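> Let's have the full structure, built from the sequences with the hints guiding it.
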Amino acid sequence: MAKKLTIKRKVKEPEPQKEVSDSPESSDNEEEEDLLQAVKDPGEDSSDDEGIDQEYQTDSSEDLEFESDGEGNFLSRKGAGGSSADDDDESAEEEDDDEDESDADAEKSGKSKDEETATTSKSSKKSQEKPTSSKNGGASVVPARDPSKVEYADSDTSDEEDIRNTVGNIPMHWYDEYKHIGYDWDAKKIIKPPKGDQIDDFLRKIEDPNFWRTVKDPLTGQEVFLTDADIALIKRINLGRIPNEEHDEYAPWIEWFTSEVEKMPIKNVPDHKRSFLPSGSEKKTVSRMVHALKMGWMKTTEEVEREKQEKRGPKFYMLWETDTSREQMRRIHDPVSAPKRDLPGHTESYNPPPEYLFDAKEAKEWHKLKDEPHKRKLHFMPQKFKSLREVPAYSRYLRERFLRCLDLYLCPRAKRVKLNIDAEYLIPKLPSPRDLQPFPTVESLVYRGHTDLVRSVSVEPKGEYLVSGSDDKTVKIWEIATGRCIRTIETEDVVRCVAWCPNAKLSIIAVATGSRLLLVNPKVGDKLLVRKTDDLLAEAPVLDVIESERIKTAVQWTTAEPADQEKGVRVVITHFKPIRQVTWHGRGDYLATVMPEGANRSALIHQLSKRRSQIPFSKSKGLIQCVLFHPVKPCFFVATQHNIRIYDLVKQELIKKLLTNSKWISGMSIHPKGDNLLVSTYDKKMLWFDLDLSTKPYQTMRLHRNAVRSVAFHLRYPLFASGSDDQAVIVSHGMVYNDLLQNPLIVPLKKLQTHEKREEFGVLDVNWHPVQPWVFSTGADCTIRLYT
Amino acid sequence: MEVDNGEGQVQVHLKTKQEHYAVPDVPYAIDGTVATTELNTFVNALLLSKGSSAVDFDFLVFDEYLRGRLCDHLREKAISFEDAIEIEYVERFPAPEPQDCLLHDDWVSAVKASGKWILTGCYDNTLNIWTNKGKHILTIPGHTAPIKAVDWISLDDDTGRFVSSSQDQTAMLWQWNVGANTVECVSVCKGHERGVDSVSVSPDGQRFATGSWDTMLKVWSAELEDAGEGTSKRMKESGVRTPKMTLQGHRESISAVQWMDATTLLTGSWDHTLKVWDLSLEGIKAEISTNKSIFDASYSKLNHLIVTASADKNLRLYDSRTNQGSVVRNTYLGHNAWVQTVMWSTTEEFLFVSGSYDSQNKLWDCRSPKAPLYDLLGHGEKVLDIDWSNPKYIVSGGSDNTVRVFKSRKALVENMDTK
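Protein chains in written order, with the UniProt record's numbering: chain P, 1 to 788; chain D, 1 to 419.
Derived by calculation from the structure, the hints in this document are not laboratory data. Just so it is clear, the structure is predicted and the values come from calculations on it, not from any experiment. Check before you lean on any hint, since a few could be wrong.
Unchecked claim - Distance condition first, Cα-Cα at most 25 Å in a straight line; then the derived DSS-like pairs of lysine-lysine: (1) D:LYS285 with D:LYS301; (2) D:LYS190 with P:LYS523; (3) P:LYS179 with P:LYS189; (4) P:LYS523 with P:LYS610; (5) D:LYS190 with D:LYS244; (6) P:LYS633 with P:LYS505; (7) D:LYS190 with P:LYS532; (8) D:LYS190 with P:LYS505; (9) P:LYS284 with P:LYS294; (10) P:LYS375 with P:LYS364; (11) P:LYS619 with P:LYS552; (12) D:LYS370 with D:LYS313; (13) P:LYS527 with D:LYS190; (14) P:LYS527 with D:LYS244; (15) D:LYS292 with P:LYS750; (16) P:LYS552 with P:LYS577; (17) D:LYS50 with D:LYS15; (18) P:LYS577 with P:LYS621; (19) P:LYS657 with P:LYS696; (20) D:LYS292 with P:LYS462; (21) P:LYS673 with P:LYS610; (22) P:LYS577 with P:LYS567; (23) P:LYS386 with P:LYS361; (24) D:LYS292 with P:LYS751; (25) D:LYS50 with D:LYS17; (26) P:LYS684 with P:LYS696; (27) P:LYS750 with D:LYS313; (28) P:LYS523 with P:LYS462; (29) P:LYS462 with D:LYS301; (30) P:LYS673 with P:LYS505; (31) D:LYS313 with P:LYS751; (32) P:LYS473 with P:LYS523; (33) D:LYS301 with D:LYS17.
To be verified - Simulated coverage check for chain P against chain D, where a stretch passes if three residues somewhere in it have a Cβ under 8 Å from a Cβ of chain D: (34) 433 to 446; (35) 515 to 528; (36) 594 to 603.
Claimed, not checked - Some chain D residues near chain P, calculated using beta-carbon distances under 7 Å: (37) GLN169; (38) GLU193; (39) ARG194; (40) TRP213.
Backbone N, C-alpha and C fix where the C-beta goes; we use that ideal spot for every residue, glycine too.
Have a look at this one:
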C-alpha cells in the first residue's frame, strides 16, 4: 500500500495546484483538469473495472488527506481538496458501497501487485501527461506530463474537438453525483456507463489483453482504446523527444534570412529630397540662438572664453618651450640639412704638389695680412710633409670645431622654399604671329617731298589718297599706290594736324595750321563729290542763334580768300590760340579742335553745316592734350595730361573718368566698335582701356623704348599701331571679341624701324589704311612711310 | 669637304625638244655636284661631234630650271638619286639688250607697243607716240588728270586707234592718222565715278573694258561710230560715250583688266581677288581669292595661266581652270619691293616680264621660281608699267620719267631666220 500511495500521491499532486492557481486564468488548465478526470474515469466505464477505478478515486482522496497532514506546503489547498475528497467518499458510499469494497480492493490489489503497479504506473503516467489530442471523442486522449507540451497540444487541436457532450468546459466531477454525465446534442442525458466493481476490473485485467491500453473518456465516460500510434506517441513524449515522428532533427539548415552583411544596398532609391534641404527645426533653433545672442541672453564660446581669460588675468609663457617643441617637430618632418663644406683640395693635402705651395711672394702677402686674417685667400699655409706620419696635430682643430658649431647655430632654421618655376611658364600663351596675318611686315613705299618733319598723316576714306601736314608749312596730298605727290598746299604756319573727313560723301580735309583751321577740298577722287563739297562750303548758312561773347572771341568762321580758294581752301576758322589737334566726328559734320593754351576754352566743337562753334567746357580740368569722338555713341573723350574724361554730349555730363596713372598723355585712338580705347603716353607706355571693364587700364604695354607719340586702330582688321620717338612703329594684334566675357587679345606682332632719327624725334604719327592692312607713319626725317 | 657630298654619280638622260640639238638617248653617269656650266660643256661636247657651234643651254630637271648643283636640286625636290633622271635642255633665251631710253616730262604710267610704235601715257596728262627707234612722234593732250592705262585697238599703216584711261574718270578713244600725224579724239567715255585704272581692248577690237577705283568694270564699244541705242544725239555729237555694260562685283578698286577671249574678262582688284567674268552671262564665272591686293594680273593665251603682281615682292601663278582656283601654283621671288606690273610673253609659252618699285624689270621663266632669267636694269625709279605685246621689244615706263626699251634678241634671230 505504501508504494501505491506514494505513486498516487504523485498522481494527485498537480491537480489541486492547477485547480486553485490556474483555473481562473485559462480554460486550457480547466480542460487539462477535465482530461485528468477523464484519465481516471475510464475504469468506471466498464462494470468490471469499477472497483479498481473506485479504488483509485478513494485512494486519491485518502492520499490527499494523508498528504495534507504530512506536508505543510499545501495547507490552504487541503481544505478544498479535503472537501472534495469527502464528497467523493460520500458519493462512493452512497452509490457503490465503497467502504467494504475498498478493503477487498486492497486485498486484491495486494494479490495482483505486479499488474497493479504496472497499470498504476501507467495510468499515473497517463494522468500526468496531457492529452496531445482529443480527436474523435477522445479516441486518443493522451494525458501530458509536461505542461508546456500540453499547452502546445491543446492549442493545436482544441478547434477541431468533436463535442458529443455539450456541458462545455466544466469540471466533470460536478456530475459525479448524478447518473448522467452531461447532455448530448438532443438535450438528452448522457447516462454514465455502468461502473464495474473491482472484481470485474480484475477479471477484465486478466482476460482483456488490451486492458492496459484502455482509458476512460472523461467527457463521455466511455472507454477508449489507445491505438499503437497513440502509444508510440506517448512513448516518444516520455522519452523527451519531439512527438512528431517525421520530424528530422538533423535535417540540413535552410538559411532563410542570411546572416551575412550585404555590401551593396538592396534598394537603389536615392536619398530623399528632405535630406538635402536645411532642416526647419534646426533653423528655428538657430534663429532662437541668434536672437538670444543678440539680446545678450546667450554668449558665444569665444566670449565665454574671453571672459574666462579676463577673469584668469594675464598668462605668461615659457618663451623657449614652445619653440623647442615645435623645432623638434620640424626637425623630424622637415629637416634642414647643414650647410655643406667645400671638399678639400690639393692645398689641404699634407703633401701638395709644389705649385700649391706658397712661394716667397705669396708667403709674404699671407703674413702681411696677419691682422685681418679674413682677407687672406687661404686661412692656412699649405705645408709639405714627407709622409703622413710626420703631420703634426692640427693646431686649429678646436677653433674650427667651434666655428663650425657657430655656423650650424646660425644657420637659418626655416627652410627657404625655392620656387622652381620655368621662366617660359610665366609668359602668357599667345598665338603665333604667323596665325594672325595679315599685318604689315615690311616697308613698301616712302613718300618723299616734305622738307621738314611731318607731323600728321590722314588717309582718304576710300583709300586711294593720303594727306600729310608738315612743319615746312605745307600740306601734301599723295597717291597711295604710287607714292606720287599730287598736290601741295602752302599754308602760312606750321601744320600741326591734318584730318581727312571720314564721311565718304564729302571731300574735305581739316588742316590745323597755326591758329587757323583750314577746311580744304583736296579735289581728288570723284569729281562730282568734289563739286558737291564745293557747293556745300561755298554758301555760309544764316546763323539763327546769336553766339555768346565767349565763343565770338575764341573763333571766327570766314570763307577763304580767293588766293586760298585757288589752293583748295574753302573755309577758314580762326582760333584765338594755336591749334594742336583736330579730329572729325564719324559722320563728318562735327569736328573738334584742341588749343592747349586756351585755358578753359581749349577744346572746341565746330559744326560744319551750321558754321557754328561750341565750347563744351566752362571750366578747365587740366591741360587738354587731345580729344576724340566716340564712333557710335554721342560721347566725347577729353585727355588731359593725366586722365581721360568721357562726356555725354547729349546730356552734357561726365560719364566716366579714366585713370591712366601716367605723367603725360600724347594720343588716343578708339576701337571702331567703341568699347576699347588705346592711349599713348610720353612715358613710353601704351594703355588699353576696356571701357566696359574698369576705369583703370586693362593692359599696359611697354613696347617702346621712348615716348610714344601716336596710336591708331585699324577700322577693319584687329590691328593697332603705335609710333614712338625710338623711330619704331609697332604693329600689334588687338582682337576684341563680341563675347563680352572674353577679354581682348593683345599680341605685339612686328616692330618696323626704318625711320631715321632727327633731333630726338622718331615717328610722329601713325595711321592705318581704311581698307588694307597697311600702316602709314610720318617721321621727323621728312618722310611718310607705308608698311605692308 | 663633307659639304660637297653629291652622293656620287647620278644617272641621267639628256633630252630636248629642239630636234637639231638632240643627242643620242643613252644614260650618262654624271657626278651629282655638277651645275649648269658643267652640263653645258658636256652637252656642247656631245654636240660638237655633230659639227654645230657652241650654244648655251638651260637645263630642266623635273620641270624646273636647274639653278645650283644637281644634287641640291634633287634633294630639294626629294627625288631619289637611284633613279635615272631625265634632264631636258633648252637653248637659253638670249638676254634682252637695252636699246633705248625715251625721255618724258613726267612719270610714265602706261606703255603699250604695237608694230613699230610705242604709245605711252604720262602723269602730265598727255599721251605720247614714239617709234621703236626712239623717235618722238606725237604728244597728245586731252586728259585732265594722269593717264593710268593705254591700249591699242587697231593699227595699220594709215591709221591707228587706241584708248587711254585716266584718273579724270574717263577713258578716251583716239584715232591717229599716221600719214598726217594727227590725232583726233573719237569719243570720251564717261561713266566711272573715280579714276580709271586699267583698260583692255578685246581681241576682236570691237569692245574694250575698263576697271576703275569706283570698283566697277565697264565694257564699252570700241567702234568709231557708237551704235548704242541708248545714247542720245547730243551725246553723240559731243563724242561722249556711255558703257555698254557695267559689272559690279569687286569691293575695291579694279587694278587689272584683260580679255581672256572674246567674251571672257579677267580682272584683278585691291580686294584680294581675281575674277573671271563671262560677258555673255554678264556675271562672274570664276573667282580666285588671294591674300594680297592685286596690282596687276596677266593671262597667257599660250598656257592659260594667270600671273599676278600684288602688294608684296612676289609674283604668283594661278590657274583659272582649276575649280576652287585659290591655289597658288608657283611663287616667284626676286624683287625687292612691290611688283607693280607683269605681262606674259605673247610668243613664248613660259616667259613673262615684271616691273617693280625696286626699279628693276625682270624676265622670268615660269619654270624657274627661284631666280629670274634676266634682270633688265635701267630704270632709276619705280617701274609703273611694262609691255611685251610686241615680241621684239620689252617696253617699260617708270617714275624716272623714262621709257626703257629692251630688244628681245631671240625674236630678232627668229625673224632673221624666217627672212
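> Now tell me, hint by hint, if it's right for this structure.
Quick rundown of the hints versus the structure:
no.	hint	result
1	D:LYS285 with D:LYS301	18 Å, holds
2	D:LYS190 with P:LYS523	18 Å, holds
3	P:LYS179 with P:LYS189	9 Å, holds
4	P:LYS523 with P:LYS610	23 Å, holds
5	D:LYS190 with D:LYS244	11 Å, holds
6	P:LYS633 with P:LYS505	21 Å, holds
7	D:LYS190 with P:LYS532	18 Å, holds
8	D:LYS190 with P:LYS505	20 Å, holds
9	P:LYS284 with P:LYS294	15 Å, holds
10	P:LYS375 with P:LYS364	14 Å, holds
11	P:LYS619 with P:LYS552	17 Å, holds
12	D:LYS370 with D:LYS313	13 Å, holds
13	P:LYS527 with D:LYS190	12 Å, holds
14	P:LYS527 with D:LYS244	22 Å, holds
15	D:LYS292 with P:LYS750	18 Å, holds
16	P:LYS552 with P:LYS577	13 Å, holds
17	D:LYS50 with D:LYS15	16 Å, holds
18	P:LYS577 with P:LYS621	18 Å, holds
19	P:LYS657 with P:LYS696	9 Å, holds
20	D:LYS292 with P:LYS462	17 Å, holds
21	P:LYS673 with P:LYS610	28 Å, violated
22	P:LYS577 with P:LYS567	24 Å, holds
23	P:LYS386 with P:LYS361	24 Å, holds
24	D:LYS292 with P:LYS751	21 Å, holds
25	D:LYS50 with D:LYS17	17 Å, holds
26	P:LYS684 with P:LYS696	17 Å, holds
27	P:LYS750 with D:LYS313	18 Å, holds
28	P:LYS523 with P:LYS462	14 Å, holds
29	P:LYS462 with D:LYS301	34 Å, violated
30	P:LYS673 with P:LYS505	21 Å, holds
31	D:LYS313 with P:LYS751	19 Å, holds
32	P:LYS473 with P:LYS523	20 Å, holds
33	D:LYS301 with D:LYS17	21 Å, holds
34	433 to 446	holds (count 5)
35	515 to 528	holds (count 4)
36	594 to 603	violated (count 0)
37	GLN169	6 Å, holds
38	GLU193	5 Å, holds
39	ARG194	5 Å, holds
40	TRP213	6 Å, holds
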